[in-house]
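Number of protein chains: 2
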Amino acid sequence: MEVIRSAAEMQKKSFAFIRESKTIGFVPTMGFFHEGHVALMEQARRENDLVITSIFVNPLQFGPNEDYERYPRNEANDLALAADAGVDLVFIPSAAEMYPAKMLISLTIEERANVLCGRTRPGHFEGVLTVLAKLFHLIQPTKAYFGMKDAQQFSVVSALVDNLNFPVQLIAVPTVRESDGLAKSSRNVNLDEKERKEAVSLYKALQHGRQLVVDGEKNPAIIVKEVKEQIASQLNGKMDYVELWSYPALEPVSVIDRQVILAIAVQFEKARLIDNLVFDERGCIGSQIR
Amino acid sequence: MEVIRSAAEMQKKSFAFIRESKTIGFVPTMGFFHEGHVALMEQARRENDLVITSIFVNPLQFGPNEDYERYPRNEANDLALAADAGVDLVFIPSAAEMYPAKMLISLTIEERANVLCGRTRPGHFEGVLTVLAKLFHLIQPTKAYFGMKDAQQFSVVSALVDNLNFPVQLIAVPTVRESDGLAKSSRNVNLDEKERKEAVSLYKALQHGRQLVVDGEKNPAIIVKEVKEQIASQLNGKMDYVELWSYPALEPVSVIDRQVILAIAVQFEKARLIDNLVFDERGCIGSQIR
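As given, the protein sequences belong to chains F and E, one line each in that order.
In terms of my numbering, the first sequence opens at residue 2 and continues consecutively.
In terms of my numbering, the second sequence opens at residue 2 and continues consecutively.
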C-alpha cells in the first residue's frame with residue numbers, strides 16, 4: 002500500500018491510473034478509522050480496480066470553537082486498517098499542501114446546508130464542498146463512497162456533483178453500528194462510560210420514530226415530539242436537535258408522503274454525536290438514497 | 002466533425018477519449034467565431050490528439066440589463082469555421098441542458114473580480130466560474146485555451162483551477178487583432194462605420210501607455226491619466242474605465258515593478274469593447290502570463 006503526501010504527486014498518480022484505464026474507488030476521510038470507514042473501503046474494494054482513501058482533517062470545515070485540534074488522529078493504526086481493507090493508496094496531505102495559498106474561490110450552497118448540523122455549524126458545508134472539490138480533482142475517482150451517518154453531507158455533496166457535473170459517481174453506504182445500535186464514530190472515544198451507555202438512546206429514539214411511520218403516523222410534528230420526549234427521558238446530554246425533512250432535498254414536509262430523514266444531534270461533555278434514519282412514507286429504509 | 006448537444010453524452014464521450022489515452026484540447030466559447038477563436042482552435046489542434054470546442058452563450062454570466070438576448074449567434078458559420086480549424090467535436094448544449102434544475106451550488110471569487118469589467122458586471126465572473134467548472138467536468142480536457150483579450154477572465158479562471166486543483170492546464174493565447182490593431186471581438190459587428198474607425202484608438206492608447214513604461218515611466222497614475230486623455234481626444238464612445246493592476250493578481254500597484262495589465266473598456270452605442278496589454282516593468286510583453 003502506497004502513501005502519498007504531495008498533492009501534485011497524487012494528481013500525477015491518478016493521471017497514470019486513468020491512462021491504464023483503472024477504475025478508482027475513493028473514500029475521503031478525516032482518519033481515526035473505525036468499522037464505518039472500513040465498510041466504505043471494503044465496498045470500494047469490491048467495485049473498483051483501485052482503492053484510494055484520503056486522510057485529511059480539513060481545517061476549513063471546522064468552526065473557530067469546534068474540535069479541529071481535539072479531533073482524534075492515529076495515522077499508524079489507520080494505515081494498518083486501510084491495508085487490511087485492501088486499500089491501494091492512502092493520500093495524507095498536510096493543511097499546507099491542500100491550502101498552499103490564500104483561497105480566492107469559495108463554494109457555497111444555498112439550500113440543504115441551513116438545517117440539521119448546518120444551522121449550528123456556519124461554514125461547515127462550504128468547507129466540505131471545497132475540500133471535496135479539491136480531492137475529486139486530485140484523485141479523479143470513478144466512484145466516491147460516503148457513509149450515511151453524515152446524511153446531510155451526502156445530500157450536499159450530491160448537489161455539488163449534480164450541479165457542477167463532476168465526473169464521479171457517488172455511493173451512499175449505510176451507517177455501521179455497534180452491537181447495541183450506536184452509530185460508529187471517531188468521536189465516540191470522547192464519551193465517558195455513563196455517556197456511552199446513554200448514547201444508545203439516539204438510535205432507539207430514531208427507531209421509535211420510524212416505527213410510528215410504519216404504524217401509520219404521517220404527521221412530522223408528532224413524530225419529532227415523541228422522539229424528543231423519548232431522548233429527554235433517557236439521557237443527560239444536551240439535545241441539539243431532532244428534525245425531520247424530505248431527503249435528499251432537506252425541505253420541510255407537512256405530511257410524510259416521500260422519502261424523509263429523521264435526524265438527531267446530542268451534545269455530550271466532550272463529544273457531539275449525530276445519527277439519522279432515512280426512510281420512505283411507509284417507514285421502509287430504501288436502497289435508493291438519491 | 003461531430004456535434005453533441007447533450008451534457009450526458011458529452012461526458013460519456015470524454016470518458017471514452019480518456020480511456021483511449023487521447024489528450025483533449027478544449028476551447029470554450031460563446032460562438033460567433035472570428036479569427037480570435039480560430040487561433041485558439043489552431044493552437045489546440047497543434048498541441049493535442051483531439052480538439053473540442055463548446056458553443057454556449059451562458060445566461061449565468063450576463064446581468065439583467067446586458068446583451069444576453071442580443072449576443073450574436075451564427076451556428077452554421079461557427080461549425081464551418083471549426084471544421085476548417087480542425088476541431089473534432091463541437092459541444093452545443095442548450096441552457097436547459099446546462100442548467101436542468103435550480104442551481105444550489107455557487108462559485109464565488111473574493112479578489113480579482115471586483116476591478117475592471119467585474120466592477121460593473123456583478124455576478125459576471127461567478128457565472129463564468131460556474132459554467133467553466135461544469136464544462137471542465139463534462140469535457141475533461143488536458144489543456145484549455147483562453148484568449149488574452151479577456152485577461153481578467155484568464156486571471157479568474159487561473160484562480161479557480163489553482164485553488165480547486167482542476168486537472169487541466171490553462172493556456173493563454175495572445176489577442177488576435179485586425180490589421181489596424183482593433184482586437185477581434187464578436188461584438189465588433191455591432192459598431193457602426195464611424196465607431197469602427199474610432200475603435201482603433203483603444204489599442205493605440207494601450208500601445209502609448211506601454212511605450213511610456215518602455216521609456217521609463219513607472220508611475221501608474223501618470224500612465225492611466227495619459228491613456229485616458231488620448232482616448233478622450235479620439236473617440237465619442239463613453240469611456241468605461243482605464244485601469245492598471247498587477248497581473249494576474251489584479252492588485253493595486255503604486256509603482257510598476259512587476260507584470261501588470263493596462264486595460265480599457267469603452268461603451269459604444271450598441272457594443273461595449275474591451276482591450277488590454279499585459280507587460281512587465283520594462284514594458285515587455287512576456288510569454289509567461291501566469
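Don't take each hint at face value.
Same chains, same names: a pair is fine if it fits in one copy or spans any two.
Capping the alpha-carbon separation at 27 Å, the derived lysine-lysine pairs in DSS-like fashion look like this [unchecked claim]:
no.	residue 1	residue 2
1	LYS23	LYS229
2	LYS103	LYS198
3	LYS103	LYS13
4	LYS271	LYS150
5	LYS144	LYS103
6	LYS144	LYS14
7	LYS13	LYS219
8	LYS239	LYS144
9	LYS226	LYS198
10	LYS229	LYS13
11	LYS14	LYS205
12	LYS144	LYS185
13	LYS219	LYS195
14	LYS205	LYS239
15	LYS13	LYS198
16	LYS239	LYS103
17	LYS23	LYS13
18	LYS13	LYS144
Honestly, the hints are just simulated from the structure, not real lab data.
Results for each hint:
1. LYS23 with LYS229: Answer is neither; intra-copy 48 Å and inter-copy 57 Å both fail.
2. LYS103 with LYS198: Classified as neither; 44 Å inside a copy, 44 Å across copies.
3. LYS103 with LYS13: within (23 Å within a copy, 35 Å between copies)
4. LYS271 with LYS150: within (19 Å within a copy, 56 Å between copies)
5. LYS144 with LYS103: between (30 Å within a copy, 24 Å between copies)
6. LYS144 with LYS14: both (17 Å within a copy, 18 Å between copies)
7. LYS13 with LYS219: Neither: 52 Å inside a copy, 42 Å across copies.
8. LYS239 with LYS144: For LYS239 and LYS144, neither the intra-copy (37 Å) nor the inter-copy (53 Å) Cα distance is at most 27 Å.
9. LYS226 with LYS198: within (23 Å within a copy, 74 Å between copies)
10. LYS229 with LYS13: Classified as neither: same-chain Cα gap 50 Å, cross-chain 47 Å, threshold 27 Å.
11. LYS14 with LYS205: neither (45 Å within a copy, 48 Å between copies)
12. LYS144 with LYS185: Classified as within; 23 Å inside a copy, 43 Å across copies.
13. LYS219 with LYS195: Close neither inside one copy (35 Å) nor across copies (71 Å); limit 27 Å.
14. LYS205 with LYS239: Within one copy, since 17 Å is at most 27 Å while 70 Å is not.
15. LYS13 with LYS198: neither (47 Å within a copy, 50 Å between copies)
16. LYS239 with LYS103: Answer is neither: 37 Å inside a copy and 36 Å across each miss the 27 Å cutoff.
17. LYS23 with LYS13: Both, since 14 Å and 16 Å are each at most 27 Å.
18. LYS13 with LYS144: both (19 Å within a copy, 15 Å between copies)
Figure legend: structure checked against the earlier numbered hints; hints not met, in rising order: 1, 2, 7, 8, 10, 11, 13, 15 and 16.
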